[in-house]
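There are 2 protein chains.
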Amino acid sequence: MEIDLRSKIRDIPDFPKPGVRFRDITTLLRDGPAWRHAIKSIADVYRDRGVEMVVGPEARGFLVGATVAYELRVGFVPVRRPGKLPARTLRGEYVLEYGQDALEIHLDALEGCSKVLVVDDLLATGGTIKATLDLVRQLGVGVVGVAFLIELTYLGGRENLKDYEVTALVRF
Amino acid sequence: MEIDLRSKIRDIPDFPKPGVRFRDITTLLRDGPAWRHAIKSIADVYRDRGVEMVVGPEARGFLVGATVAYELRVGFVPVRRPGKLPARTLRGEYVLEYGQDALEIHLDALEGCSKVLVVDDLLATGGTIKATLDLVRQLGVGVVGVAFLIELTYLGGRENLKDYEVTALVRF
Numbered sequence: 001m002e003i004d005l006r007s008k009i010r011d012i013p014d015f016p017k018p019g020v021r022f023r024d025i026t027t028l029l030r031d032g033p034a035w036r037h038a039i040k041s042i043a044d045v046y047r048d049r050g051v052e053m054v055v056g057p058e059a060r061g062f063l064v065g066a067t068v069a070y071e072l073r074v075g076f077v078p079v080r081r082p083g084k085l086p087a088r089t090l091r092g093e094y095v096l097e098y099g100q101d102a103l104e105i106h107l108d109a110l111e112g113c114s115k116v117l118v119v120d121d122l123l124a125t126g127g128t129i130k131a132t133l134d135l136v137r138q139l140g141v142g143v144v145g146v147a148f149l150i151e152l153t154y155l156g157g158r159e160n161l162k163d164y165e166v167t168a169l170v171r172f
Numbered sequence: 001m002e003i004d005l006r007s008k009i010r011d012i013p014d015f016p017k018p019g020v021r022f023r024d025i026t027t028l029l030r031d032g033p034a035w036r037h038a039i040k041s042i043a044d045v046y047r048d049r050g051v052e053m054v055v056g057p058e059a060r061g062f063l064v065g066a067t068v069a070y071e072l073r074v075g076f077v078p079v080r081r082p083g084k085l086p087a088r089t090l091r092g093e094y095v096l097e098y099g100q101d102a103l104e105i106h107l108d109a110l111e112g113c114s115k116v117l118v119v120d121d122l123l124a125t126g127g128t129i130k131a132t133l134d135l136v137r138q139l140g141v142g143v144v145g146v147a148f149l150i151e152l153t154y155l156g157g158r159e160n161l162k163d164y165e166v167t168a169l170v171r172f
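In the order they appear, the protein sequences are chains A and B. Heads up, the first sequence is in the numbering used here, so the first residue is 1 and it goes up one at a time. Heads up, the second sequence is in the numbering used here, so the first residue is 1 and it goes up one at a time.
Derived by calculation from the structure, the hints in this document are not laboratory data. All figures in this text were calculated on a predicted structure; none of them were measured in a lab. Hints may be right or wrong, so weigh each one.
Unchecked claim - Selected chain B positions facing chain A (in silico; Cβ < 7 Å):
id: 1; residue: Ile12
id: 2; residue: Phe15
id: 3; residue: Phe22
id: 4; residue: Leu29
id: 5; residue: Arg30
id: 6; residue: Asp31
id: 7; residue: Ile39
id: 8; residue: Glu58
id: 9; residue: Ala59
id: 10; residue: Tyr70
id: 11; residue: Arg73
id: 12; residue: Val74
id: 13; residue: Pro86
id: 14; residue: Ala87
Claimed, not checked - Quick list of in silico lysine-lysine cross-link-like pairs, DSS-like style, CA-CA up to 30 Å:
id: 15; chain 1: B; residue 1: Lys130; chain 2: A; residue 2: Lys84
id: 16; chain 1: A; residue 1: Lys115; chain 2: B; residue 2: Lys40
id: 17; chain 1: A; residue 1: Lys162; chain 2: A; residue 2: Lys130
id: 18; chain 1: B; residue 1: Lys84; chain 2: B; residue 2: Lys17
id: 19; chain 1: B; residue 1: Lys130; chain 2: B; residue 2: Lys17
id: 20; chain 1: A; residue 1: Lys115; chain 2: A; residue 2: Lys84
id: 21; chain 1: A; residue 1: Lys115; chain 2: A; residue 2: Lys162
id: 22; chain 1: A; residue 1: Lys115; chain 2: B; residue 2: Lys162
id: 23; chain 1: B; residue 1: Lys162; chain 2: B; residue 2: Lys130
id: 24; chain 1: B; residue 1: Lys130; chain 2: B; residue 2: Lys40
id: 25; chain 1: A; residue 1: Lys17; chain 2: B; residue 2: Lys84
id: 26; chain 1: B; residue 1: Lys84; chain 2: A; residue 2: Lys40
id: 27; chain 1: A; residue 1: Lys115; chain 2: A; residue 2: Lys17
id: 28; chain 1: B; residue 1: Lys115; chain 2: B; residue 2: Lys162
id: 29; chain 1: A; residue 1: Lys130; chain 2: A; residue 2: Lys84
id: 30; chain 1: A; residue 1: Lys115; chain 2: A; residue 2: Lys130
id: 31; chain 1: B; residue 1: Lys115; chain 2: B; residue 2: Lys84
id: 32; chain 1: A; residue 1: Lys130; chain 2: A; residue 2: Lys17
id: 33; chain 1: A; residue 1: Lys162; chain 2: A; residue 2: Lys40
id: 34; chain 1: B; residue 1: Lys17; chain 2: B; residue 2: Lys115
id: 35; chain 1: B; residue 1: Lys17; chain 2: A; residue 2: Lys84
id: 36; chain 1: A; residue 1: Lys115; chain 2: A; residue 2: Lys40
id: 37; chain 1: B; residue 1: Lys130; chain 2: B; residue 2: Lys84
id: 38; chain 1: B; residue 1: Lys115; chain 2: B; residue 2: Lys130
id: 39; chain 1: A; residue 1: Lys40; chain 2: A; residue 2: Lys130
id: 40; chain 1: A; residue 1: Lys162; chain 2: B; residue 2: Lys115
The beta carbon of each residue, even a glycine, is placed where N, CA and C say it ideally should be.
Full structure from sequences and hints, please.
Here's what the structure looks like:
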């Protein structure tokens, strides 16, 4: 059964600020068959590629990443904002449109891993995912690919991910 | 194969503040077979109970909730902090140890649903999950059960959930 994932994504005008059109995945997420199809579609791309772990940033990256990990029968490693992870962490800072932000990963999270899949819900300018990838590489681990539900192609985020294989299920 | 989930949970002393022992689920989450076993164990309890949707609060509730929804072949509805959900929301406030906080759910998220499963990673005092349950009930939807990976029994959170069937995989 083919499901049109694009039709499951809701447009919200002027969110989070005037002039921005927000692509809302909650309408895809609440549709059981669409959610299953989306996760399976990402997993199928990477199923025989030796992925040992899935890594993803909070909070929406948790939705996709933990579920893809489940389908691939591997574990999931969360990347979080400072102060959220309880054990020793590696921190990376990155630039936002206004100011900067930081992300952390547990220092021991990828021990014993050599190949991971990095996942988030949406590729916009790519700042968050680039920071996530930098943390993974600083831990000395290889990246099989980077997968998203949605890519906003007009924001050019793929330019930040030239060194990686990028998968996006729906492109706007 | 029986997996001892308790042994997969890591103790972090003095986090987030001195004297608190934090139960860290990231060590369970990064273990593929343990993660699979945990999710299946929750799903098995509710598999033939007519669950039409899973609901869970951010951020760690997303990990468990979205994956349980996937296994149950239903959708997932996120409950988030104010300002995160893009469409019209219902807001509920709740009391924390110091001050108060609020959670939101999309007003239309449970349209057409009559029975849901509510999920989070950990039951402590129960404030967050009670606020989540109140939002679901205000939307006129029934709750089949409330499920957690971990319950901290000494905090008495179950007292806040007397009206509900509570499942916890590991109890401390």
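Hint by hint, here is what the structure shows:
1. Ile12: Hint holds; B/Ile12 Cβ to chain A Cβ min 4 Å, cut 7 Å.
2. Phe15: 4 Å, holds
3. Phe22: 5 Å, holds
4. Leu29: 5 Å, holds
5. Arg30: Interface hint status for B/Arg30: holds (4 Å vs cutoff 7 Å).
6. Asp31: 5 Å, holds
7. Ile39: 6 Å, holds
8. Glu58: 5 Å, holds
9. Ala59: Interface hint status for B/Ala59: holds (4 Å vs cutoff 7 Å).
10. Tyr70: Nearest chain A Cβ about 5 Å off; hint holds.
11. Arg73: Because about 5 Å separates B/Arg73 from the closest Cβ in chain A, which is inside the 7 Å limit, the hint holds.
12. Val74: 4 Å, holds
13. Pro86: Hint holds; B/Pro86 Cβ to chain A Cβ min 4 Å, cut 7 Å.
14. Ala87: 6 Å, holds
15. B/Lys130 <-> A/Lys84: Status holds; Cα separation ~22 Å.
16. A/Lys115 <-> B/Lys40: Holds, at roughly 26 Å.
17. A/Lys162 <-> A/Lys130: Holds, because 11 Å separates the two Cα atoms, which is no more than 30 Å.
18. B/Lys84 <-> B/Lys17: 27 Å, holds
19. B/Lys130 <-> B/Lys17: 24 Å, holds
20. A/Lys115 <-> A/Lys84: 25 Å, holds
21. A/Lys115 <-> A/Lys162: Roughly 18 Å between the alpha carbons, so the hint for A/Lys115 and A/Lys162 holds.
22. A/Lys115 <-> B/Lys162: The given pair, whose Cα atoms are some 45 Å apart, is violated under the 30 Å limit.
23. B/Lys162 <-> B/Lys130: 11 Å, holds
24. B/Lys130 <-> B/Lys40: Cα-Cα ~24 Å, so holds.
25. A/Lys17 <-> B/Lys84: 12 Å, holds
26. B/Lys84 <-> A/Lys40: 26 Å, holds
27. A/Lys115 <-> A/Lys17: With a Cα-Cα distance of about 38 Å, the restraint between A/Lys115 and A/Lys17 is violated, given a limit of 30 Å.
28. B/Lys115 <-> B/Lys162: Holds. B/Lys115 to B/Lys162 sits at ~18 Å (cutoff 30 Å).
29. A/Lys130 <-> A/Lys84: 20 Å, holds
30. A/Lys115 <-> A/Lys130: With a Cα-Cα distance of about 17 Å, the restraint between A/Lys115 and A/Lys130 holds, given a limit of 30 Å.
31. B/Lys115 <-> B/Lys84: 25 Å, holds
32. A/Lys130 <-> A/Lys17: Holds - the C-alpha atoms of A/Lys17 and A/Lys130 are around 24 Å apart, at most 30 Å.
33. A/Lys162 <-> A/Lys40: Holds. A/Lys162 to A/Lys40 sits at ~25 Å (cutoff 30 Å).
34. B/Lys17 <-> B/Lys115: 38 Å, violated
35. B/Lys17 <-> A/Lys84: 12 Å, holds
36. A/Lys115 <-> A/Lys40: Holds, because 20 Å separates the two Cα atoms, which is no more than 30 Å.
37. B/Lys130 <-> B/Lys84: Holds, because 20 Å separates the two Cα atoms, which is no more than 30 Å.
38. B/Lys115 <-> B/Lys130: At roughly 17 Å apart (the allowed maximum being 30 Å), B/Lys130 and B/Lys115 satisfy the hint.
39. A/Lys40 <-> A/Lys130: The hint holds at about 24 Å.
40. A/Lys162 <-> B/Lys115: Distance of about 45 Å is beyond 30 Å: violated.
Checked against the numbered hints given earlier, this structure breaks hints 22, 27, 34 and 40; the rest are met.
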